[in-house]
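Colleague: Next come the chains, spelled out residue by residue.
Protein chains: 2
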Amino acid sequence: MARNEEFLEKAAALLPKLHHMRVFPLTPYRGRTLKAGESLCLDFGDHYVGYVTLKFSYTGSHPDAPAWLRLKFAERACELSENAAEYHGWISRGWIQQEEIHIDVLPAEISLPRRYAFRYLQIEALDLSSKYDLTVECVEAETVTSADDGGLAPYACRDAELERIYAVACRTLRECMQTVFEDGPKRDRRLWMGDLRLQALANYETYKSYDMVKACLYLLAGDTLPDGAVGACLFLEPQIEVDDTRMFDYSLLFVAALRDYVSVTHDGDTARELWPTAKRQIELAKASFDDRGIVRDSDRLGWCFVDWNLRLNKQAPAQGIYLYCVQAAIELASALGLTDEAQTLRAEYAEKKKAALSRLRDDRGFFLSGEAKQLSWASQIWMVLGGAVEGEEAAGLLASLEAEPTAEKMVTPYMVHHYVDALISCGREEKALAVLRSYWGGMVREGADTFWELWNPDDPGESPYGGTIVNSYCHAWSCAPAYFLQKYFRK
Amino acid sequence: MARNEEFLEKAAALLPKLHHMRVFPLTPYRGRTLKAGESLCLDFGDHYVGYVTLKFSYTGSHPDAPAWLRLKFAERACELSENAAEYHGWISRGWIQQEEIHIDVLPAEISLPRRYAFRYLQIEALDLSSKYDLTVECVEAETVTSADDGGLAPYACRDAELERIYAVACRTLRECMQTVFEDGPKRDRRLWMGDLRLQALANYETYKSYDMVKACLYLLAGDTLPDGAVGACLFLEPQIEVDDTRMFDYSLLFVAALRDYVSVTHDGDTARELWPTAKRQIELAKASFDDRGIVRDSDRLGWCFVDWNLRLNKQAPAQGIYLYCVQAAIELASALGLTDEAQTLRAEYAEKKKAALSRLRDDRGFFLSGEAKQLSWASQIWMVLGGAVEGEEAAGLLASLEAEPTAEKMVTPYMVHHYVDALISCGREEKALAVLRSYWGGMVREGADTFWELWNPDDPGESPYGGTIVNSYCHAWSCAPAYFLQKYFRK
Numbered sequence: 001m002a003r004n005e006e007f008l009e010k011a012a013a014l015l016p017k018l019h020h021m022r023v024f025p026l027t028p029y030r031g032r033t034l035k036a037g038e039s040l041c042l043d044f045g046d047h048y049v050g051y052v053t054l055k056f057s058y059t060g061s062h063p064d065a066p067a068w069l070r071l072k073f074a075e076r077a078c079e080l081s082e083n084a085a086e087y088h089g090w091i092s093r094g095w096i097q098q099e100e101i102h103i104d105v106l107p108a109e110i111s112l113p114r115r116y117a118f119r120y121l122q123i124e125a126l127d128l129s130s131k132y133d134l135t136v137e138c139v140e141a142e143t144v145t146s147a148d149d150g151g152l153a154p155y156a157c158r159d160a161e162l163e164r165i166y167a168v169a170c171r172t173l174r175e176c177m178q179t180v181f182e183d184g185p186k187r188d189r190r191l192w193m194g195d196l197r198l199q200a201l202a203n204y205e206t207y208k209s210y211d212m213v214k215a216c217l218y219l220l221a222g223d224t225l226p227d228g229a230v231g232a233c234l235f236l237e238p239q240i241e242v243d244d245t246r247m248f249d250y251s252l253l254f255v256a257a258l259r260d261y262v263s264v265t266h267d268g269d270t271a272r273e274l275w276p277t278a279k280r281q282i283e284l285a286k287a288s289f290d291d292r293g294i295v296r297d298s299d300r301l302g303w304c305f306v307d308w309n310l311r312l313n314k315q316a317p318a319q320g321i322y323l324y325c326v327q328a329a330i331e332l333a334s335a336l337g338l339t340d341e342a343q344t345l346r347a348e349y350a351e352k353k354k355a356a357l358s359r360l361r362d363d364r365g366f367f368l369s370g371e372a373k374q375l376s377w378a379s380q381i382w383m384v385l386g387g388a389v390e391g392e393e394a395a396g397l398l399a400s401l402e403a404e405p406t407a408e409k410m411v412t413p414y415m416v417h418h419y420v421d422a423l424i425s426c427g428r429e430e431k432a433l434a435v436l437r438s439y440w441g442g443m444v445r446e447g448a449d450t451f452w453e454l455w456n457p458d459d460p461g462e463s464p465y466g467g468t469i470v471n472s473y474c475h476a477w478s479c480a481p482a483y484f485l486q487k488y489f490r491k
Numbered sequence: 001m002a003r004n005e006e007f008l009e010k011a012a013a014l015l016p017k018l019h020h021m022r023v024f025p026l027t028p029y030r031g032r033t034l035k036a037g038e039s040l041c042l043d044f045g046d047h048y049v050g051y052v053t054l055k056f057s058y059t060g061s062h063p064d065a066p067a068w069l070r071l072k073f074a075e076r077a078c079e080l081s082e083n084a085a086e087y088h089g090w091i092s093r094g095w096i097q098q099e100e101i102h103i104d105v106l107p108a109e110i111s112l113p114r115r116y117a118f119r120y121l122q123i124e125a126l127d128l129s130s131k132y133d134l135t136v137e138c139v140e141a142e143t144v145t146s147a148d149d150g151g152l153a154p155y156a157c158r159d160a161e162l163e164r165i166y167a168v169a170c171r172t173l174r175e176c177m178q179t180v181f182e183d184g185p186k187r188d189r190r191l192w193m194g195d196l197r198l199q200a201l202a203n204y205e206t207y208k209s210y211d212m213v214k215a216c217l218y219l220l221a222g223d224t225l226p227d228g229a230v231g232a233c234l235f236l237e238p239q240i241e242v243d244d245t246r247m248f249d250y251s252l253l254f255v256a257a258l259r260d261y262v263s264v265t266h267d268g269d270t271a272r273e274l275w276p277t278a279k280r281q282i283e284l285a286k287a288s289f290d291d292r293g294i295v296r297d298s299d300r301l302g303w304c305f306v307d308w309n310l311r312l313n314k315q316a317p318a319q320g321i322y323l324y325c326v327q328a329a330i331e332l333a334s335a336l337g338l339t340d341e342a343q344t345l346r347a348e349y350a351e352k353k354k355a356a357l358s359r360l361r362d363d364r365g366f367f368l369s370g371e372a373k374q375l376s377w378a379s380q381i382w383m384v385l386g387g388a389v390e391g392e393e394a395a396g397l398l399a400s401l402e403a404e405p406t407a408e409k410m411v412t413p414y415m416v417h418h419y420v421d422a423l424i425s426c427g428r429e430e431k432a433l434a435v436l437r438s439y440w441g442g443m444v445r446e447g448a449d450t451f452w453e454l455w456n457p458d459d460p461g462e463s464p465y466g467g468t469i470v471n472s473y474c475h476a477w478s479c480a481p482a483y484f485l486q487k488y489f490r491k
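Read top to bottom, the protein sequences are chains A and B. Here this note's numbering is used: position 27 in the first sequence is 27, and no number is missing along the way. Here this note's numbering is used: position 137 in the second sequence is 137, and no number is missing along the way.
A few of these clues could be false.
One copy or two, it doesn't matter: identical chains are merged, so the pair holds either way.
Straight-line C-alpha distance at most 20 Å; calculated SDA-like pairs for lysine to any residue [stated by the list, open to error]:
| # | residue 1 | residue 2 |
| --- | --- | --- |
| 1 | Lys55 | Arg114 |
| 2 | Lys35 | Ser130 |
| 3 | Lys131 | Tyr87 |
| 4 | Lys55 | Ser298 |
| 5 | Lys131 | Pro226 |
| 6 | Lys431 | Pro226 |
Please keep in mind that the hints were generated in silico from the structure rather than gathered at the bench.
Next up, chain A with everything else stripped away, as it sits in the complex (with noise of 0.2 Å):
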């Protein structure tokens, strides 16, 4: 891995604290007694991230063997009921916030060492003896984030829903602003360079963590793949280490999250210091086009994330999202006084977007994917971003979408922050609010506290994973509503 011990040490610096703040589930349970294979589940009333701790204490006679608990620990109430030992996806069941203790000597305080993302905790007594109950003498959770709430930019519409939806996707990302931008903190707790961008963007209109976006920026261009590719995400523990993870798009969108984070504060010492990495990224991702000026398809599963449709073909896509990135990088370059680079990168642009326009499009104007000629959302709705389309060439073939029950659809927020933003960039801001009104309003509506990493509404039970205990549903690629409603529809 190629490493750049300045970078890392910058980062450091900007890293932000972590608030603390002591909250107590909302269930009446004070003194509440289980007997062996009884539990009790408890409400928090929000979704929270941090440390537990549990008094217990007995009725009875004195306990003559351990209690044997089990604790879960829940986003939603719903993930109670599903079984551990029932899954068997290709996700590690070490995901699932659950814990065996034992407790050899009562009355106990127990302070469990790891921390955990919830709004439910259910303690359930797996053993006691038939000579004493359990007694739950007191819960308290030790929360952490570093949003400051306090600082929290104001959203008032005269919509409730509205109101509500953005109040969820602030409280999304804020329980995901940790050390980094986390992307989810229940799973898998990393900094992912494509869930990285979405935060910022929620950021820069709700919390403006400025630091926290620029150290996070350092740090992925601090430890790169050897070739210099920023990589999908980084570990921090126990030390700062890329992942050898290495995917087209979330490489490539390092550019735009510098173009981005640039752009809202125009600090010209890290546009300057980071440049590199960008214009790296451009670099390497053009090595995987073919003589055609298309993007290469590829058989390695993850080569490209897009979104966790399983059945989408990336070759469009990717496409759309080099264009996408390139026209970033040409704004970095400009904005940089860079006049030669920003030349050369528009000519790369130009004969890529003519590739993507004379080889991937059909007679009715969709882009189509791979071998297979694949119709999905994804690929127009990134030809649209890269700019390959515009304006009301560019709304038409995104309307148009509606007629083809059969084009591959999206299945997480993450895509659908994609689709409004390429809807509101061809001016249909209203389809962009309805939007988020069904989509994240239906979250809202089914309860969520925080967005979620999945929702096919079509299919609520559905996972990349091979089962829904290791969904994550508090995720910061689905905070859009906080970003689109705080900079479009403040009315």
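Use these hints to put chain B onto chain A, whose structure you have.
Modeller: The following block gives chain B in isolation, referenced to the frame of chain A:
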């Protein structure tokens, strides 16, 4: 409960310090890697009690999901193949030495906070992720015992089998010698009166920790049931507290244990100070007799322990135990020069012995128990120990049991200890030695490192708990050979 703070303070000052020793598995394992679903069994080569620290790292990519492990501690290898989820007996599954842990950051050093009793440790990777394997770098145990290995009385005879039986018995005692004499370091980890008495006897011949016995006697006398009865057992944590379990025999055996202690140590002060407690046990037991002079039988489960044979009727054994303990009280009173009290006790003894002989015996001379006139080994053994019959008559009675296949058998080494004691009391040393060889030697031949709580050679899977997974395989009431071999069979 009736507390005597002076007694408890005296006890606290006498309780031993624990010796610590670091041990490592004998199994070659350093650097062994586990994939999800794989497990590793480590053999420490002998039975230990202590605290375990594990160091893990990984091979492959940086871990992208927590490692979820199950750790199983086992005194015998057979425990590892048992499934905790399938145990539905009446004793708490909380006793099963099994933990689930999550490791969020690797490399990691995990010091488990609980104490375990084990020779084997199985590490099972319940789940990792496909991107890394778990590496077991180092496993070590900090073992604890209050026994002084350097002070152990040697036992050298020309018989390798007896030497091995002696060594295993001493190991059993050693492992149970913690802050107090525990019944078993796996389960229940407490000071039980009946168990203490046999441990103390073995201890006098081996480790000779007289103060530790004295401390335990003061503890039991220092916190009794409200009427002054010595409880069946005592809890030490979070503070000293007598269990509310009352057992006819266990209360009485305090008298015998005090008599044993005084006869070995000639500690007159302790005899004098604890005499009122001893005397009170006789008084309380006396109230349990009917007007024929026979202990009233009871339906209350566990009113008198005797043995773990769940079909055993306890009436006749209780009568024998009473006689035995009144004899002990007479010895104590005489030693203390309490002539009147001794005289009164002698009269009481004679009366209850006469009742036993006239009311409980059948034509063949067997003592029968309960309304159903049950014939059992326990009844005859305790009548012999209680002196209801003596010498050749007693020896004949015990011998004739062998021709009675329907007589209820013994299932614990605790009861077999009393059988050996009874044989010796009526001059059948050779038979006693044969029992030591066959019964305890049987466990050794089955690979015992320490002697088991339960051992029925005719039914090795027998457990009074509804499943062997909660059985204790290092149980101090089974260390009889340490006492008998050293005291009677030092060739």
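Colleague: Are the hints correct? Go through all of them and say.
Modeller: Structure-based check of each hint:
no. : hint             : verdict
1   : Lys55 to Arg114  : both (17 Å within a copy, 18 Å between copies)
2   : Lys35 to Ser130  : within (8 Å within a copy, 39 Å between copies)
3   : Lys131 to Tyr87  : between (35 Å within a copy, 19 Å between copies)
4   : Lys55 to Ser298  : neither (54 Å within a copy, 40 Å between copies)
5   : Lys131 to Pro226 : between (62 Å within a copy, 19 Å between copies)
6   : Lys431 to Pro226 : neither (43 Å within a copy, 79 Å between copies)
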